[in-house]
Amino acid sequence: MNLLPFFQWCEATTLGTAIRETTWAFAVIESVHLLALCVIGGSVLVVDLRLLGVGLRHQRINDLARDAQPWLNASLAVMLLTGVGLFLSEPTKCYYSTPFWFKMSSLALAIMFSYTVRRRVVFAEEGRISPMACTIVGVVSLALWFGVGAGGRWIGFSG
Amino acid sequence: MSLLSFCQWLADTPGSIALHESLFMYPLVESVHVLTLCLFVGMSTMLDLRLLGLTLRRVPLTDITNRLFPWMFAGFFVMVVTGVLLFYAIPVRSYQSIWFRMKVVLLICAGLNAWIFHATIYRSVRDWDLSTAVPPRARLAGVLSLVFWTGIIVFGRMIAYNWFDCDRPQSALVVTVAGCTAEQQGHK
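Protein sequence lines correspond, in order, to chains A and B. 3 is the number of the first residue of the first sequence in the working numbering; add one for each residue after it. 8 is the number of the first residue of the second sequence in the working numbering; add one for each residue after it.
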């Protein structure tokens, strides 16, 4: 399936054109994207570090997860919204960017993993999941989100 | 020696030129600088939100500070080192960037805010460690921290744009704030 025509259609949308042609738009949207990065980073790290047995290890995992989840959901929503805006301003560049495809693959995996396996593990009753399984889930989650962040930053350096 | 001539001298050092011209080192340093935001600002945001009673309400504040500070300090250290390297790679333009200057002012504000918090209200933390009724002064410190770091991140991102660079014609205000020289403005 060739996605290039779809990407070119995206580039011609009113929103994409408006962001591209307004001097401040990309910079402002990018800044909000970065601010949400901090929140998503904090809310993921607090729980993932705990899964690894460090950080807030005096707390129960499911307590931390319950507190962090709304912030993860909200910051992810802001990331996706601003991310779509950034994408619409330069879809053709993204189409030919390896980091872009790397980031999108990591993102799809990170979201799927976070809302299935990781969700079950962090919300499980205390002691039902072995420490080994917790460690693995924490490492996978951190690795996937790191891929999203590193790939995202590298889109700007390519092309 | 003025700060500007120091930056000009710095820009001519071999290390600065090498970092500026490197294909991978500069992007790598910048990526580390940005991604460490998650570690330092991410966790400091969680702490600020806890002060405001918006998350981790059942976690004692001292547990957060004791257990998360080592991670935050590590993140902060990496941010400072990579930040200094980014400045070292492009000294003159950074020094004359209004965004960089505003970022430095906010960094000082954020530092003072954290210092005042720890030197005053945090000393009585035992009295409100487990409480969600955090004293107003501590809440204020949380709000100020969120505001300062938001500004630091936004201004930091804006350094990348050349709208207010000294090698373009600028208004009197920008010329003053950025410290552009008459030479830079006159010959354009």
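Among the hints, erroneous ones may be present.
Stated by the list, open to error - Facing chain B, from chain A, some residues (calculated, C-beta under 8 Å):
hint, residue
1, Cys40
2, Arg59
3, Ser107
4, Leu111
Keep in mind the hints are simulated off the structure, nothing from the lab. Because the structure is a prediction, the values reported are computed rather than measured. For glycine and all other residues, C-beta sits at the position ideal for the given N, C-alpha and C.
Hints and how they fare:
1. Cys40: 4 Å, holds
2. Arg59: 7 Å, holds
3. Ser107: Not OK, violated: Ser107/A not within 8 Å of chain B, min 18 Å.
4. Leu111: 18 Å, violated
In this structure, the earlier hints numbered 3 and 4 are contradicted, and the remaining ones agree with it.
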